[in-house]
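With the hints as your guide, set chains B, C and D onto chain A.
Residue numbers (the working numbering), protein chains in the order written: chain A, 1 to 673; chain B, 1 to 226; chain C, 1 to 489; chain D, 1 to 317.
Hints in this document: simulated from the structure, not taken from any laboratory. Just so it is clear, CB atoms sit at the ideal spot from N, CA and C, and this is done for glycine as well. A portion of the hints provided could be inaccurate.
To be verified - Which residues of chain A face chain D? A partial, calculated answer using Cβ under 7 Å: (1) A437; (2) A441; (3) G609.
Each chain, letter by letter, is given below.
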Amino acid sequence: MIGASFQLFVVLGAVGVLLLLAVAGVALAGRPAGRILIYGGALAASGVAGLSALTALASAPAGLVLPIGLPWIGAHLRIDALSAFFLCVINLGGAAASLYGIGYGRHDHAPQRVLPFFPAFLAGMNLVLLAADAYSFLLSWEFMSLASWALVVAHDKEPGNVRAGLVYIIMASFGTLALMLAFGLLAAGTPEGYAFDAMRAAPPGAVAAAVVLALAMLGAGSKAGLVPLHVWLPLAHPAAPSHVSALMSGVMTKVAVYGFIRIVFDLSGPPAWWWGLPVMAAGGVAAVIGVLQALLQSDAKRALAYSTIENIGFVFVALGLALAFRANGFAAAAALALTAALFHVLNHAAMKGLLFFSAGAVLTATGTRQMDQLGGLIHRMPVTSVVALIGCAAISALPPLNGFVSEWLIFQAVLLSPDLPAWGLRLMVPAIGALLALAAALAAACFVRFYGIIFLGRPRSPSAAGAQEVDAFSRAAMIALAGVCVAAGLLPGLVIDALQPAVSGLIGHRMPEQSSVAWLSIIPVAESRSSYNGLLVFLFTAFSALAAAYVIHHLASGAVRRAPPWDCGFPDASPLTQYSAASFAQPIRRVFARSLFAARERVEMPPPGALTPARFTATARDPAWAFLFVPLTKAVGAVAERANHLQYLTIRQYLGLVFSALVLLLLVLALWT
Amino acid sequence: MEHAISANLVFDVAHLFAGSLVLISFLMLYQDRLYALLNVFALQAVVLSLSVAWQAYAQDAPHLYVTAVIALAFKALIIPVALHRMVARLGIHRQVETVVSIGPTMLAGIALVALSMVVMLKATSGDADALAREDLAFALSVVLLGLLMMVTRRNAVSQVVGFMSLENGLILAATGAKGMPLVVEISVAFSVLIAFIVIGIFLFRIRERFDTVDVDALDRFRGGRP
Amino acid sequence: MSLVSGLLSGLLSDPAPVILAIPAVTALLLALVPSYRVSAALNVTACGLTFLCALALLAAPRIAGPFLIVDDLNIVFVVLNTFVAFTTSVFSASYIAHELETGRLTPLHLRFYHAMYQVLLAAMTLALLSNNLGVMWVAIEVATLTTVLMVGLYRTEAAIEAAWKYFMLGSVGIALALFGTILVYMVAQPVVGEGPDGMIWSVLMKRARDFDPGLLNVAFVFLLLGYGTKVGLAPLHAWLPDAHSEGPTPISAVLSGLLLNVALFAVLRFKLLMASHPGTLAPGPLLMAMGLASLLLAGFMLYRRRDIKRLFAYSSIEHMGLIAFAFGIGGPLANFAGLLHMTMHSLTKSAIFFAVGHVCQVKGTQKLADIRGLTTSHPALGWFLVVAVAAIAGLPPAGVFMSEFLLVTSAFARMPLLALLLVAGLLIAFGALMLKLSDIAFGAPSPGTAKVKASYVPLGVHLALVLVAGLYLPPPLVAWFRHVAALLG
Amino acid sequence: MDLIANFLVQGTQMLLVLALAPLLTGVVRKVKARLTRRRGAPVLQPYRDLARLMHKEAVLAQNASWLFRCVPYLVFAATWVAAALVPTFATGLIFSWSADLIAITALLASARFFLALAGMDVGTSFGGIGSSREVMISSLAEPALIMIVFSLALVAHSTQLSTIAQVMLAGVGLRVSLALALVALLMVAVAENGRIPVDNPATHLELTMVHEAMVLEYSGRHLGLIELASQLKLLLFLSLVACVFLPWGLAPAGAGIGGFALGMATYALKLGAGAVLLAVFETSIAKMRVFRVPDFLGAALMLGLLGTLLLFVSGIL
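One chain only, chain A, in its complex shape (with noise of 0.2 Å):
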């Protein structure tokens, strides 16, 4: 058995089929026959990709040279075990969303803008993972981008989409440029030299590795939402239609990091004991902004958009203390970091997807992502609330779901770091570990307001009243997604013991085998420093809750009676005085986010005797837009105003900048011996 060959090949077949997908979408698009086959076929392949990455995760790596791409070294292809990994992520989330599609796309008004592009998307980003040089990955990660643009202005005709597909395909084509420099230095500027093995073979110096760093934070950065390269993330996500949106902040996210992990871990040599720092800050920051922002916004897929630069952020921070911990010689340390980090990955990618899908579900069931417009949709939507709740108790890291196992793999992670020699990076990891605490904790209060605004009280709008369980298709994804985000959480030891691979491959040290630890826990590092069991703590969990609830059944009252609310004796009032979207995040923003980003209330009462309603509006703003890119923009339409003067000159004008050029030119000649 030579390598994961197969699986290789496999792959590349499950490309090709959605390639193909991707031509017979520009045809078949508009009829239903066609819908069931582009999404069904993706959801094959999809399946077939990533059951045969969960397979080449243990096998050796295998590489091959198509006679396509940079002309004199070709297209080479290779699937190790990182790659093989994240494509299993991907292909996971490719998978679901397709099944999910397929319900979905029945309400698409526009599918011809929808079909050609989505298979398109996930070929693209399977093909970023399995390229092996400079050009192939490029090209594949700009195809990507392209495809995903696409499918963000496919509803160009509503309000603010276009707007969201100009900002997210520059700071695409920003990161690619950024991600372009670095495969120069990398490549050293030889023709032969685009070849990942040709880089690992010639490792940049100490100040070439470190331009290498910060232009992947910038590349792999503005795609995965690092702040403040994350503003178009919020606008493209939710312009997506709803699986798309889940593919963009679930999957391509993802693609990035990998991005990330594959330059920095693997082609820039040993890193430098400072790489962690600025790794981990921008991780940190991002993931506090990325959560009070999502807790400011009243648009359920927005808020879900902002909570995933959370996550990038948790992720990042984990990579981060690999860097350190492997830049310093520890390479246990940094194998648990490492591991913390893909296991979020994949968490991440579930219940985002979970999440995304839940609230296009409701897009479908109430026509409205207004948060404000909802409740009480656990009445009207049952299996839609039921995994919606499981996909914001994952997210919010609550045991014993999968979300927290990550969470507690990167405490502990953050636990060894005192043994770091070096001081920049002591007194920065313990500010890190309580963003880390503070972003976890305000995840829990964002999830609270999103599940309760949606799911509970009262419908605040009749569309919400009135709303229907979605389609079977749909169901069926989300419970998928729901049951991975049950079963990593029951069983992290074999999701760890499957990462191995990946990890050592990049650190050459593992974690400890977990699989054979008694009753399933998992110990990252000693039985007397830590260990969890998430299957334990639930069976401990629900068998206390049942026998609570048999007990006091059989011995107490089990009676049940309806009424009205009491609500401390106040008459039946209108739903309107439920709490808003708003209005629970009002102590929250009024604690955090009033310096940050300078979030307003007014309150507008109207005069005694005055029939209109008070209205109450709150503000709040991204510093990234008001500090960075406003600023930017404005900078570049006040020089090309200025430029613009030379489109109106006169002819001797212009003949006098051709005399001003050679007068010029000549008197260098003069001058120069």
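Same frame as chain A, now just chains B, C and D:
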């Protein structure tokens, strides 16, 4: 017959002509009335044809006589006359409108001549024969002065004149280069070009200037500003 | 029978004269043919024939006669030019017919137009194939004059103004180029002796080592400015946007796709000359400076454009700047990138102008403000335009992406700071293009829903070539580009 | 054999905390009453209340969902498990390996998560007030708690409570970081259990209350369970303080009956002392405005962070 006259004489005469061409360029810069400008230009054309003829004789290259004739007929007679009549017909008013007033223009011209000298003498420090060097330097200054004129004059006519004197510099350089092929063809081609320009002005009634200052003209024309 | 075979063998042994003869003869014929349908057909066939003969060049031996030269450098250009000229003639057939219907042009105009088209083709091919610098110069002058006449074809004030601006700047450029040519002769004369040899390119290249470097530098300055005016490098670019926007769209395509390349070719020839002489002032920095200037200037200018054709004219300036920058850096990778980028740019940009031509016809305007939501009102045309613009903006899998990849990476490895400027310019221009594109293509459509009466064939062929090029370049082409790149030093 | 013994110990522990929790609350109330010159309800009153609540029928709002009915059991179970994992009289309990201190924190967090959801389920404005304030408080209290956990873990090189307790028992000397951690832990405990000055468990002035507003719609056995859960939580925090900072008398794993007896005795003493101290504290200060609470908890967070930082900078501080 080369040996009949001493190389020295050849050199001096050629030098004389070239130098006077530069001088005439300055004269043109100095003019502030169109008719006078045209006359001076005609003079320059005559001198040019003389120098070309001299080169033809000195290099014993008969085809250069053709160039000389073209220069004389076309640039010393036809074009100036045509422009005279055009100025009359189109009622272009006789003043040469300058962007920079005459004095500074002259100074700039002197600077340009100095520049071309420096460039050329520096460049051709090598084995190139002295005649070529001097000739080139003068030719370059004529070219630059012509360009300067195009840039600092507003009238269409005076810009055309500037262009033509620029081209005179080219012909001077071309003929100065011993045994340069295609000189005749090139001068013909250039005459065609100039004819185009003159006819263009006449056809399209580009009256006063290539540049206007009134804003709505900008809006109508340049860069299709809506 | 033997005659035919003789002709064929002659063609294969030395196709260059034929390539020149066909358009020249056709031009005369077209001047006589009254019916525009016939002349359009004739135009297409002639271009087709020329292209076929140009293909024969690939097999033909590399020869350097007293008048014509066939070497690897100009074969690239000839084949590319004749091809684009051919496709453009196909497009022009459908385009011009529409102009006739709308009455913007009369049959007489068309007669003139077609004749001029062939003259232009002949002149450009001559400029590429001639071994004599003087002849090359004359040919480029002729090409300029013909395009001037075609730009002024519509006789509108704007058109005349554009033509005039083009004409004046072009003439000065020509003059400067001539002075440079004369200087080159004077450099050569002491070495290769008097007489025509001093202008024969192949001879100059052989003897270049012995030239006087100082004078060669002066010559290059004049040649760079002279022919650079034609290339449209800043600050000599002023004629380009107006000429593109006011002339008939096929001519815009020809200008961007062909004439700029020819001028660039001239610059490259002399860069070769400079490169083959160790003692000269390196031409690289000059090219890089002007290239970057053009890139940045055009990038900013794109934002304020209100006319769709002028928009893409500025993008041509931007790309010419990129190409000049690439050749300025030099080295195998950058030169390869430059050649590839040049090829891709001609194909893509002419494709864009094909699309834009039809867009302007269906919308009845060139104003960007009145062209919106194309993908909704004219899906096929709209998406073609989106693909083409994405290609020119350097999005994969277009070949432009590959050339920009090579350029950026190799530049950053060798001169990081310049590369940062380059990237900044690329990003600025990209943003502007996408800004305009998202208004043109998406959102609620603007009025003007006339059906498109156009053949998408040329458009489709160009885009197909460009898209494939990003994924796969045929090995012979690559080998050949690498060889030329090595020549360019 | 050994396994069964372990299970027995674990079971005793669970039942013990369950049994002691109401008593603890009763004691606190009694002491408070005494301090305010009232006789106060008997110490066993909480048991009676619970029993009465349990036997009442549960009155549900018409639009209460299944979630509303499940939450009390979930909250109770989560809190109970958390409490059962804190060493009270003995360390090295068999299940204590299934969750370390971080997990215990997370268990409490999940209890709070569901309780806040339940507060929003009926869709009354008071539920909303309670939930939103609760999550605001917790969003600061949790990180503070995590920081405290960090400090302890860094001293003991473990997040396992049993290990920590043993390390403390072995003696780590007086440490600044631990002192900071203790203060922070007490502040967090006050906030988490909704005691004065953060919240007033006895009030029913709706606008001043947090926890009570959240559970306003609950009645009968549901309310009973939630009450019990909060009593368990109080017990949990007291035993946490006890086992970490006063670990004396804790029976090591596999100790004999004597060891366990000793452990029980000392544990009872610690609880009593804690209850009295808490009562004194509560009677001696006034409740603060809701929007002063963030400052209070922010201070706790900073103290915790400071402790951790000190430990990062040098292991012996």
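Do the hints match the structure? See the list:
1. Interface hint status for A437/A: upheld, as the beta-carbon distance to the closest one in chain D is roughly 4 Å, under 7 Å.
2. This hint holds: A441/A has a C-beta 4 Å from the nearest C-beta of chain D, less than the 7 Å allowed.
3. Hint status for G609/A: violated, given a least beta-carbon distance of 25 Å to chain D, over 7 Å.
Hint compliance for this structure: hint 3 alone is broken.
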